[in-house]
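Chains as they are written, first to last, in my numbering: chain A, 435 to 545; chain B, 53 to 167.
If you're looking for bench data, these hints aren't it; they were derived computationally from the structure. From the three backbone atoms N, C-alpha and C, an ideal C-beta is built for every residue, glycine too. It is possible that some hints are incorrect.
Stated by the list, open to error - For each label pair, taking beta carbons as the anchor points, the in silico distance ranges come out as: (1) A:His474 - B:Arg149: 28 to 36 Å; (2) A:Ile497 - B:Gln119: 49 to 57 Å; (3) B:Ser117 - A:Pro510: 28 to 36 Å; (4) B:Thr65 - A:Asn488: 42 to 50 Å; (5) B:Gln119 - A:Gly449: 46 to 54 Å; (6) B:Gln93 - A:Ile497: 12 to 20 Å; (7) A:Ser443 - B:Asn129: 34 to 42 Å.
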Amino acid sequence: DAKTTQPTSMDCAEGRAANLPCNHSTISGNEYVYWYRQIHSQGPQYIIHGLKNNETNEMASLIITEDRKSSTLILPHATLRDTAVYYCIVRVGGSQGNLIFGKGTKLSVKP
Amino acid sequence: DSGVTQTPKHLITATGQRVTLRCSPRSGDLSVYWYQQSLDQGLQFLIQYYNGEERAKGNILERFSAQQFPDLHSELNLSSLELGDSALYFCASSLDRGVANEKLFFGSGTQLSVL
Chain A
435 DAKTTQPTSM DCAEGRAANL PCNHSTISGN EYVYWYRQIH SQGPQYIIHG
485 LKNNETNEMA SLIITEDRKS STLILPHATL RDTAVYYCIV RVGGSQGNLI
535 FGKGTKLSVK P
Chain B
53 DSGVTQTPKH LITATGQRVT LRCSPRSGDL SVYWYQQSLD QGLQFLIQYY
103 NGEERAKGNI LERFSAQQFP DLHSELNLSS LELGDSALYF CASSLDRGVA
153 NEKLFFGSGT QLSVL
């Protein structure tokens, strides 16, 4: 079962930062938070993941609260091509765990 | 390009038939995962194989089976197909070095249509 809660949909203006929230209040100390996105019917694309420290890569930033019960994915300058469903996933089962997808957030970037 | 190859991209068949979906993982990846995505169910985890052996099972029907071969490619077999089996089937792979923070890389999927 998915252990995360995300808003169903969000809008963002092109060029602005998109901030996608995720609640994972039952997360355990050694469980990582992953973010993936799916554009149309393509395969899910990895974005970023983290344990407790904030993370940044070329695609996005991940801000995890100190209590680890929630996180925010930040796309610093959203483009129309960032329109997708964004999934926040807590990977259970440690190194042998798989990703259990929830319903995600449909992000619509508008001109 | 994720490096995960799935074939065929599209498959159209009739109810009651049997099909095989194929997945070639990224070079060096030991784990293969299968997911089903239908319009009303979202992405559902089906099964995971690690180095040829089944590691985890999700919402996989008894009519479905999978295997991972010595060269690490995997096949998902779907039999006695029903209309409701129409869906996108994704394969993913990971290196699986035994650490908890590995990424899964997904293929582009096989679109199965059962008529």
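Does the structure break any of the earlier hints, and which numbers would those be?
The structure breaks hints 2, 3 and 6; every other hint is satisfied.
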